[in-house]
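Participant: Per my numbering, the sequence shown starts with residue 1, numbered consecutively.
These are computed hints drawn from the structure, not numbers from a lab. Certain hints may be false.
What the hints assert, rightly or not - Below are the SDA-like pairs computed for lysine to any residue, each with C-alpha atoms no more than 20 Å apart in a straight line:
#	residue 1	residue 2
1	Lys-126	Ala-36
2	Lys-71	Asp-88
3	Lys-42	Lys-167
4	Lys-165	Phe-144
Bear in mind that the values here come from a model prediction, so they are computed numbers and not experimental data.
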Amino acid sequence: MKISILAFIMALVSVVSSTEVNAQKFGYLNSQALLAELPEVKQADANLQALQTQLEKKGQQMVQELEGKYKDLQRREQSGEISPKALDEESKKLKEQEADLQKYEQDVQKQLSSKRQEMLQPLIDKVNNAIKQVAQEGQFTYIFDSSAGMLLYAQDSLDVTALVKAKLGI
Numbered sequence: 001m002k003i004s005i006l007a008f009i010m011a012l013v014s015v016v017s018s019t020e021v022n023a024q025k026f027g028y029l030n031s032q033a034l035l036a037e038l039p040e041v042k043q044a045d046a047n048l049q050a051l052q053t054q055l056e057k058k059g060q061q062m063v064q065e066l067e068g069k070y071k072d073l074q075r076r077e078q079s080g081e082i083s084p085k086a087l088d089e090e091s092k093k094l095k096e097q098e099a100d101l102q103k104y105e106q107d108v109q110k111q112l113s114s115k116r117q118e119m120l121q122p123l124i125d126k127v128n129n130a131i132k133q134v135a136q137e138g139q140f141t142y143i144f145d146s147s148a149g150m151l152l153y154a155q156d157s158l159d160v161t162a163l164v165k166a167k168l169g170i
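All chains should be modelled from the sequences, with the hints used to inform the complete structure.
Facilitator: Okay, here's the thing in structure tokens:
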């Protein structure tokens, strides 16, 4: 009987110790909020805003120029200074310029998006490296990103944001 109790206790200790070895450690953070706190991101956003303002100013000038041409053509038509054939040709040119303006607006959006990605990628990499270091040092099995919207509940004690901020020096 003593042998079977001793064997049971040893088996129980073995199960408990293997459970502790296989225990997984989880953490989470909000990467978007973390990125927003980086001074480099704030500077990148300011640079992007300046670029956007510059590009929008050029676009507004193009719009004003096009509106001026439309008004001039309309004035010439009403005063009879232009033949119907010439009016038709001028109208086609203005429609082409209008299409060019729309293309410019699309190009501006692509350019801003590309520039933002170009400026933020090194910062995203920096944050990801800090997260990996915290995960390795803290022996976390998983660190989830609450900004992805997939984290439905987590204990505040599992939030590793402060650890990652410390790694980033913020």
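Participant: Are the hints correct? Go through all of them and say.
Facilitator: Outcome of the hint check:
1. Using a Cα cut-off of 20 Å, the hinted pair Lys-126 and Ala-36 holds, with the two alpha carbons roughly 13 Å apart.
2. Of the supplied pair hints, the one linking Lys-71 and Asp-88 holds, its CA atoms being roughly 15 Å apart against a limit of 20 Å.
3. Proximity of Lys-42 to Lys-167 is assessed by CA-CA distance (about 19 Å); at most 20 Å being required, the pair is judged to hold.
4. Taking the CA atoms of Lys-165 and Phe-144, the gap is about 16 Å. The hint holds against a cut of 20 Å.
Comparing the model with each numbered hint stated earlier shows that all of them hold.
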